[in-house]
Amino acid sequence: MIDCADAVRRVGFAAPAAEVGMETMGMRGRGTWGIGFIAMVMVAATLGLSGCSLFTPARSEVEREQVSAKIDGSALVQEGVLTVALDFSDAPQGMVASDGTVTGYDTDVARALASNLGLSVAFVDAASPSDVLANGTADVYVGASSTDSSDAVTVFGDCLEDAPALFAGKAVSTVTASSLADMVVGVQGSSAAQDALNKAGIVGEQRTYSNVNECFEALAAGEVDCVACDATAGAYLARAYEGVTFSGTLDAVTVYGVAAASSNSAVVEAVSAALEEVSSSGALSAAHAAWYGSLPLVLSDAALPGVTITLPDSALAGDRAAAEGSLIDSDVDINELNG
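Residue 0 is where the sequence shown starts when you use numbering that gives the first Met the number 0, and the numbers rise one by one after that.
Honestly, the hints are just simulated from the structure, not real lab data.
A quick note: this is a predicted structure, and the numbers were derived from the prediction, not measured.
Check each hint, because a few of them may be wrong.
Across the chosen pairs, the derived CB separations fall in these ranges [claimed, not checked]: (1) S177 - A68: 34 to 42 Å; (2) T307 - A68: 43 to 51 Å; (3) A220 - K69: 17 to 25 Å; (4) G305 - G79: 47 to 55 Å.
Positions of the beta carbon are idealized from the N, C-alpha and C atoms, including for glycine.
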């Protein structure tokens, strides 16, 4: 006779892992629970044959672990809430879904931080951290680079790395800087990626398009062999196209972290510690994989073979908001891409 606990262990059913921003992930979230449902059905069949039964509680009956707030309400814009500013037009890091929900990788980072701190989360749209932190509109800004740092703004942590990069279609096996001479590269005109191609001295045919979405459509249609664009934008869109792979970066990497008002030491210290914990727990890498697929977390050693990357005079390549034309269309319906 097999007891219930032993039967569960043998089938391999376990409680689902913590959901990282699951409510923002459309079909991706539903797909995860679909697999869990199949596993539950298999367990139920096994237990039915062994003469015991298994009952799973409804979500409303599950008691979630309560975390005490780690930041005093006096240090926050709103007590009990981590008010997070980010750029809603910086897809796929931040964007507004068709139902009006603010979503994107940066929102998942924000939710993970708030959960760790025992706070709920609210979002504020801002192109840069300086104004919203100075006027007390937000507690932190997710997606800041070192160029945002000043006497009034402290930038810390590593949430995301990005750089102009190359993505190859399924008909291309390997790509190097020299092999691109015989290929056609799709790129958005007057973009950071096009500048990177020219800076790297890559010789080959370039076909320009009005946005990165059109570049990937051209790749799928066989009009181009590769696409040059921001690594995060390309990795996000590549999930919707079979056989598209990340080939390497074309220019210096920009590191994005979290910014807070330098005068608010309570928030700086607490959020910095939370970011370290969230990162070490694997929550950030899970969110990164959900949004960007197999794109490496660390891009500093992922240069396209044959490309020599020289670091700029500044520590970082610059702010995402200043990279003209380097982002994907923020009107893309993420639910269509996550099918």
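Against the structure, the hints:
{"no.": "1", "hint": "S177 - A68: 34 to 42 Å", "result": "violated, 56 Å"}
{"no.": "2", "hint": "T307 - A68: 43 to 51 Å", "result": "holds, 49 Å"}
{"no.": "3", "hint": "A220 - K69: 17 to 25 Å", "result": "violated, 51 Å"}
{"no.": "4", "hint": "G305 - G79: 47 to 55 Å", "result": "holds, 53 Å"}
This entry does not satisfy hints 1 and 3, going by the numbered hints stated previously.
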